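*Asks:* Let the sequences and hints guide you as you build the complete structure.
Read top to bottom, the protein sequences are chains A and B. With our numbering applied, the first sequence corresponds to residues 462 to 592, in that order. With our numbering applied, the second sequence corresponds to residues 425 to 828, in that order.
Simulated from the structure, these hints should not be mistaken for lab results. Treat the numbers as computed from the prediction; the structure is a model and nothing was measured. Hints may contain errors.
Residues of chain A placed beyond 10 angstroms of chain B at every Cβ, according to the derived structure [stated by the list, open to error]: (1) Val488; (2) Asn509; (3) Ser511; (4) Asp516; (5) Ala547.
According to the in silico footprint, chain B covers these stretches of chain A (three or more CB under 8 angstroms from chain B) [unchecked claim]: (6) 465-479; (7) 492-503.
Mimicking DMTMM-like on lysine to aspartate or glutamate, the simulated pairs with C-alpha atoms at most 20 angstroms apart in a straight line are [stated by the list, open to error]: (8) Lys800/B <-> Asp470/A; (9) Lys448/B <-> Glu476/B; (10) Lys562/B <-> Glu588/B; (11) Lys518/A <-> Glu816/B; (12) Lys803/B <-> Asp470/A.
C-beta: ideal position from N, C-alpha, C; glycine also.
Listed here are the chains, written in short residue letters.
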Amino acid sequence: MAYSDKVLDHYENPRNVGSLDKNDPQVGTGMVGAPACGDVMKLQIKVNDSGIIEDAKFKTYGCGSAIASSSLVTEWLKGKSLDQAAEIKNSAIAEELALPPVKIHCSVLAEDAIKAAVADLKAKQTDKEVA
Amino acid sequence: MSGHTPIYLDYSATTPVDKRVADKMIPYLTEQFGNPASRSHAFGWTAEKAVENAREEVAKLVNADPREIVWTSGATESNNLAIKGAANFYSGKGKHIITVQTEHKAVIDPVRELERQGFEATFLAPEPNGLLDIEKFKAAIRPDTVLASVMLVNNEIGVIQDIEAIGNICRENGVIFHVDAAQATGKVAIDLEKLPVDLMSFSAHKTYGPKGVGALYVRRKPRIRLEAQIHGGGQERGFRSGTLPTHQIVGMGEAFRIAREEMELENARIRRLRDKLLTGLQDIEEVYVNGDLKHRVPHNLNISFNYVEGESLIMAVKDIAVSSGSACTSASLEPSYVLRALGRSDELAHSSIRFSIGRFTTDEDIDYTIELMKSKIGKLRELSPLWEMYQEGVDLNSVQWAAH
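*Replies:* Spelled out as structure tokens, the structure:
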């Protein structure tokens, strides 16, 4: 297994590991993957009143590339709007981490996790407006 | 610790050649280089004598007659010669073979090849502890069963099958019985005068001998016949042609001599180290030992760490040389078929590690390994959403996963 230096760095020193309060109306949670497939990613984002992501946390069960992909996106998400966040593409993650072809699915999973977290947050905010 | 990492805890994959063995081999490469089949000069006679001495040593370890030992290139060839050779020779009696799902690929694949040639095979499932249920074995025998093959010690989980009981059933039913003992020599006592076994495969490099040499025991009384798989100069009474590699054979003989003389003391020391490792690792929550602990060689500990993914686990333990239950070297993420056959979930099979302890393992190696595992498993679980859910009391089987 030849991992890039960037993957090894994120694996050895993962950024923003942890959990946010999933019941907080300003926190969106995305959980993607399945244990039987060997990857589960949980990504959480917290927005401020201006709708900008001010915090992001992750936990990942998976290979080094999956851990690195989710660690990397928590860094990228901070300071972005939800629309900007939803524009993060798996190809950018794969390129940044120099993922080999067999590990591209890890970047896809990270993109899916962002989309799921954004969708969860948007659903919460819509509920709030309706109420 | 031996002072440098990675620490070698993969003795079931292969062992270093014992220095005493290497010393004995070298003269047969440079000085005593004769062909043991050369009958007309002293070079040949010296080599032949060395080969026959080694044959005696191999026979002694397993209480066999030296004339029952056939040299091969290793246990894979021994298994092929035994299984294909016996099945083909006796195919007139029947075309059904019995073996076990947890056998080494060097048994499974020759049996699969025979299936392609028109044989039928039953691959018995072991019990969840890895042992074969004798009644299930008995029930699998058919009137046309010609051959059974069951390994003595499993390479992944170290469990010891009840070869005597299985062999007795074979005898009662006129079934030829082959045993792959590649992982057993020097670890368990083998007495082929008493054991009802017809064919037994051996390897040198699992017992501190060199790679590239092995042997097949072929019983003389009652005589077992085989169809040769390699044809040529008729060496080894026609069972296996090819110039004998004298230095390799000398190495195997010396390795087996050392095993015979030292196995009792060595196994007691290794058992103490294995028990220390087990006790240390059991301090970690949610660990599962794979395979029966009682009917098991002391050299092996195969253990699954729940809620930790296999590949990241292997990355985390790069300071120890161990084997993983998931063969995720390239594109394939295949859990161990042995652990699957025990009924382990894919997740637990993936997150398993086989520690195998040997002649040169020290207390310091074991202490280091325990501390390393505690810290790395802790770190990976900090990262694991599954561990978090488990601690919150969530039943992971009740979760609707967004499979991808």
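*Asks:* All hints are to be evaluated individually against the structure, with a verdict given for each.
*Replies:* Here is how each hint holds up against the structure:
The claim that Val488/A lies off the interface holds: its Cβ sits roughly 15 angstroms from the closest Cβ of chain B, which is beyond the 10 angstroms cut-off. The claim that Asn509/A lies off the interface holds: its Cβ sits roughly 25 angstroms from the closest Cβ of chain B, which is beyond the 10 angstroms cut-off. For Ser511/A, the shortest C-beta to C-beta distance to chain B comes to about 29 angstroms, beyond the 10 angstroms cut-off, and the non-interface label holds. No beta-carbon of chain B comes within 10 angstroms of the beta-carbon of Asp516/A; the shortest separation is about 17 angstroms.
With a closest Cβ-Cβ approach of about 17 angstroms to chain B, Ala547/A is found to remain outside the 10 angstroms limit, as its non-interface label requires. A stretch counts as covered by a chain when three or more of its residues have a beta carbon under 8 angstroms from one of that chain; for the stretch 465-479 of chain A and chain B the count is 3, and the coverage holds. Counting residues of the stretch 492-503 of chain A whose CB lies closer than 8 angstroms to any CB of chain B gives 12, which reaches the minimum of 3, so the coverage claim holds. In summary, the hint linking Lys800/B to Asp470/A is supported, as the alpha carbons are separated by about 16 angstroms, within the 20 angstroms threshold.
Proximity of Lys448/B to Glu476/B is assessed by CA-CA distance (about 15 angstroms); at most 20 angstroms being required, the pair is judged to hold. A threshold of 20 angstroms between alpha carbons decides the hint, and for Lys562/B with Glu588/B the separation of about 13 angstroms falls inside it, so the pair holds. Only pairs whose Cα atoms come within 20 angstroms are accepted, and Lys518/A paired with Glu816/B is accepted, the gap being roughly 18 angstroms. Restraint check for Lys803/B and Asp470/A: the C-alpha separation of about 15 angstroms stays at or below 20 angstroms, so the hint holds.
In the structure shown, no violation is registered for any of the earlier numbered hints.
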